[in-house]
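Novice: In case you want the letters, here they are:
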Amino acid sequence: MLTGTALFLSSILTLAAIYAVIALALNLEAGVDGLWDLGVVSFVAVGAYTYTMLTVSPASAGQSYIMGFGLPMWVGVLAAGIAGSIVAFLIGKPTLKLKNEYFLITTFAFAEVIRQILTNERWLSNGVAGVYNLAQPFKTYFTPSVYPYILLLLLVIIVFIVYVVVHRLTYSTFGRSLKALRENEPLALTAGIRPDRFHIRAFVIAGFFAGTAGAFYVWYSTVITPSLFTSDITFFVWMAIVIGGLANNKGAIVGSVIFVLAGESLRFLDLGSGFAVRMASMKIAILGLILIAILKWRPQGILPEKKVKFSNSSKNS
Amino acid sequence: MNKWLKLTGILILALALVISLGGCGTTTEETAGGDTINFGYSSGFTGDMAPWAEPVVNAANAAIDEINAAGGILGKQVVLYAEDNKSGVEGSVQAATKLLSVNKCTVILGPESDPIMALQSFAKENKIPVIGTQCGTSALDAIGGTGNYLWRTSPSDSFIGICEANVVKNTMGIDKVCIMYENTEGSTSAAESFTHNFEALGGTIVNTIVMSSNQSSYSSEIKKAVDSAPQLLYISTGQVVANTLLKEIYQKSIEIPLLGTTELQNDELVAAVQQAAVGLMSVRVVENEDSTGWDRFVELYTDKFGVAPMAGYYQSNSYDATIIAALALAAAGENTGEAIENKLSEVANPPGVKVGSYADGIAELAAGNDIDYEGASGPCDFNEFGNVNGPAVAVMEVSSDLKWVQTQKIDATGF
Amino acid sequence: MLEVQNAKKYFGGVKAVDNVSIQVKKSSITGLIGANGAGKTTLFNMISGFIPLTAGTVIYEGEDITNQPAYKISTKGIVRTFQTPLGFPRMTVMENMLVFAKNRNAGIFTAIKTSKKVTPLEEEYIERARKILKDVGLGNKEDAWVSDLSAGELKILEFARPLMADPHIFLLDEPAAGINPANLNSLVTLIKDLRNKGYTFLIVDHNLKFIMNICDYIYVMADGKLIFEGLPDEVANADCVIESYIGKKKTEDTVSN
Amino acid sequence: MESIVYGIVTASIILLGSVGFSMTLNAENFINIAHGQMLLLCAYITLFLNAYMSIVPAAIIGILVTGVFGVLFYKVFYRPIKKRGAMVLLFTSVGLAYVINGVVGTIFGTTTFAYKIPNVKEIIPGMTPYQLLIIIAAICSTLFLHYFLTKTKIGKAIRAVSENSDLAKTRGIDTKRTSNYVWFIASSLAGLSGVFLGVIGSIHLEMGWNQILIILAATVLGGLGSIYGVMAASVVIGLSMELGVLMIPSYYRLAIAFAIIIIVLLIKPDGLQSLWNKSGKRVA
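Chains as they are written, first to last, in our numbering: chain A, 1 to 317; chain B, 1 to 415; chain C, 1 to 257; chain D, 1 to 284.
For the record, the hints were derived by calculation from the structure and aren't laboratory data. What you are looking at is a predicted structure, and each value in this text was computed from that prediction instead of being measured. Using N, Cα and C, we set each Cβ at its ideal position, and we do this for glycine too. Incorrect hints may appear among the rest.
Which residues of chain B face chain A? A partial, calculated answer using Cβ under 10 Å [claimed, not checked]: (1) Val79; (2) Ser92; (3) Gln94; (4) Thr97; (5) Glu185.
Here are the simulated DSSO-like cross-link-like pairs (lysine-lysine), alpha carbons at most 27 Å apart as the crow flies [stated by the list, open to error]: (6) D/Lys121 with B/Lys224; (7) A/Lys307 with D/Lys82; (8) A/Lys93 with C/Lys102; (9) A/Lys306 with C/Lys131; (10) C/Lys8 with A/Lys97; (11) A/Lys307 with D/Lys83; (12) A/Lys307 with C/Lys113; (13) A/Lys309 with C/Lys134; (14) B/Lys403 with D/Lys83.
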């Protein structure tokens, strides 16, 4: 029982780690900078598809997609990040001047349009049928029973790297300027901070990491279809950072893990298969209650935004 | 920086611990059986596939009850663990992992098209057979079968497509068809298969209209379809779209005959749209000679749940998959995925004594006979890729008193 | 030093600022008074680049800065404050100060590469900020959330922040609003001190007494037009000012109560 | 021509769902994601009642009950945390949406349902009596809201609260009472919209999620809480979807709507209301 649970746990933690990467990216743009981005899934989708199209072999009979270069995975991951950045730049350039709710709905609309294109343009990415049986990294070196742990280890390392990068950005001058824009844009202007430039940088960086997360998502699911990239991912990651604590990078990770764990551990609430379907609905309600409860008793999230102190900075560094 | 180094160190240590635990697990897992035999069921209890969830799980439970009533398998009772795959790929991986590692299931039943495709390598690597009961995707046509751990008891869209095309072109004598399908994986696959086969038979597709899900109206789409002057409308959608679409077609007094996919062959749809469903046709796979399988299942299911099963809800496919898995396990005499995998074809396919229930099956097995299970959904004979085809198809139609009735049966062996 | 020539701002049909010209001399304290809606803040917004001019020019140290974006104008040494000083609420006082330090364009890649929390350059700025905070009497508030400061402390921080960037001219929007008399005196001292160090001020305020007390030269606006200019004494005695400004203010007060 | 009729019908459905949402957004200043689930809730309550009575009384009771639920949810979930800002409220409403959806799913199961209502034929191309009813309901509810907010005493109070709740309090307006009205009316309108969706289509668990997105889009496109803006936005989205299908493949129906939203917002960053409302101040 224990070992089986460990295996299941490692599988869902892997998923949590992927969400954590997206959450860290979103946290930079939405938590540190104050962008209400409801289209973060578009970076993930474009990253995932770029990765897949570059790393798979050419389309076989009955399939149809572009590229299929069979490039190494790491090239694919890097390309996924770059593709995410490019999409972020293209979306951000015209939309970043919009205010909160307007920005929110425009980014959401972009995400929907991108998903519709991926759904309907068969020649591009094999449409709704998607591409199946995609490779996982370092798979051949390990036995299948150990591999889930290896994938988890790999993703933990990735989360750690992304965390370090985002953490450094957050507490750099750059991050401080983003926070200033979030807190009081007119005042930030008088400090000589140029909003459009800083916003687009934050957006593009977030696009990069969310793009790479797309590649990791493909590792996890071994399948790519447009239905993977609904706005559920966006809402999920938003909830993770709100629960974890907006603008706290550790919070983004903690929020992702807690939210995935909360959802998945409800699978252990078992009243037998006869009730399984109704239970699935009830679990949604329980998840909702958990969310409400956390927000009620910890409105700033589990790990609220940290106070930046310099008073004894020499000892702390 | 030191803090980070420490943190990484701890994380790696923790992971190493987990891995070593997992490593130990693999050695014990093979032998761990427990007092029960565990079957897993993975299906979309939430999300797009949710309308099908209850009926299919009920059907599997009906089978489990029957198995346990007959003394279980190898003297052990069977427990069904049902997990929500959230109608998608991500949930499918989670559900399957949980069923395999936590519930120690030796077979996973149920997944739909996208979800089962996500388990392609999972099934093979973990040596756990996955038997789809409600997936039509043609992507599965040539990748399953013994050794690949993927199976299905629901017919492939490719096969249904051939049947539908034959029925439309040859039996009804219709040449011009307009296709309306929803752009989801299941619906697209069915529509493409029909298109391909209908054109191969010399028919003309006058227009293909792809619909987005969840719209409040499809008036514009219907108008486009009618303008192309087809002799028949081929409809491939989920429940929700079908409800709106059929109502609107009725409201516009459009008299063009309608052929829906098997999925639309259910009573909820008819109850929902009432008169608008009258005349809706649909094709399903049946036995060639008069088989009692379906009737027996209808009776059994109705007794248990108070409503009759419908072909479009894949209940019979779900039921059959459960029974076949149980028979395979009984035949193998060993509760492992690998053992079941190797016997699935054998118990379901000829040659052998034809059996129609689990009790008959184990009796024959005990007598040392090879068996050939004939199920509620048809003969359930797997081809080399783990797909089932049928010997005949029935054309179903909604009668004016709002009942699905069989209007004709056509031999499908020649298709 | 700062010159506004024939500035006009029309919102639709409303002439918010109509052909106003003012001049601010170096190391002076220039006042701008007028009733609510007289166009003072609009003029301010135009100088600091927050809203574009309909017509006219703004010249700063001989350079035409008309309609340049706000972030650019502020880097030239023109800083402004706002009527309601909020600061950056969910940042500490020290962070608030550092935002105004001039190293804000530090590259992203440098940031990613730097493992130190505080770079040597920032160390310098932190020292500088501490000194300024100490000077203005906020020395013990370095690590406080700005949202936790009192209104008076916020006002003072409003002055302290721009000092990080070595400004040349302060545009103060209602600095005396909502301040109690005791704090007001220290504010006056602070402004005068800074002026003596060579800083220049343009102040918009309601509070006639405060303006009269502090300013070297005063402009009076009403209904978007400049109606009077002169030394504090002259303004205090000008009929048109009393009539238009003070009279209006009274009626306004009665209305809002 | 027919497409215009389809467009108006679609617009009315969107409008009916959006006016209530727009009202809570306006009065409470947060995006209430659970609004979509109020549609669902009412559709299912009406479905339950429909088993015992005909659709009209069932719907009326259902709508009133939903209104009461709306007030109740506000009191239990939103009001205690109102001070904590729009983000916390928004995600609390997401949580509540899950709760409603989950509870309804647990009780009714996951299959699709329909009301016991007679089938009808179109009276003019693209419009059945049901659809005509929807158009009338959409127009009436908009007019009612306009009248209510601008002419009645309680409506004026609601507007005062939404513009400046502190000031309204000092002027002696009972903000709690006005909030109750807001939530009752908004939830009832959501309920009405839910019943109509069930009438023309079917009743299923995803209907709330599907609707809230288009509602959100219409409301933002209209210009956040402006009722005329929402009207205009609904018409723009409805017509662009139906007319767009004539030129672009129909599977891009939804994409067309979103593309229009992107384009409009890039040209008019304050939404459609800025077309007639130059000062950028919200009206009604």
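Novice: Which numbered hints are broken by the structure, listed smallest first?
Specialist: Hint 14 alone not satisfied by this model.
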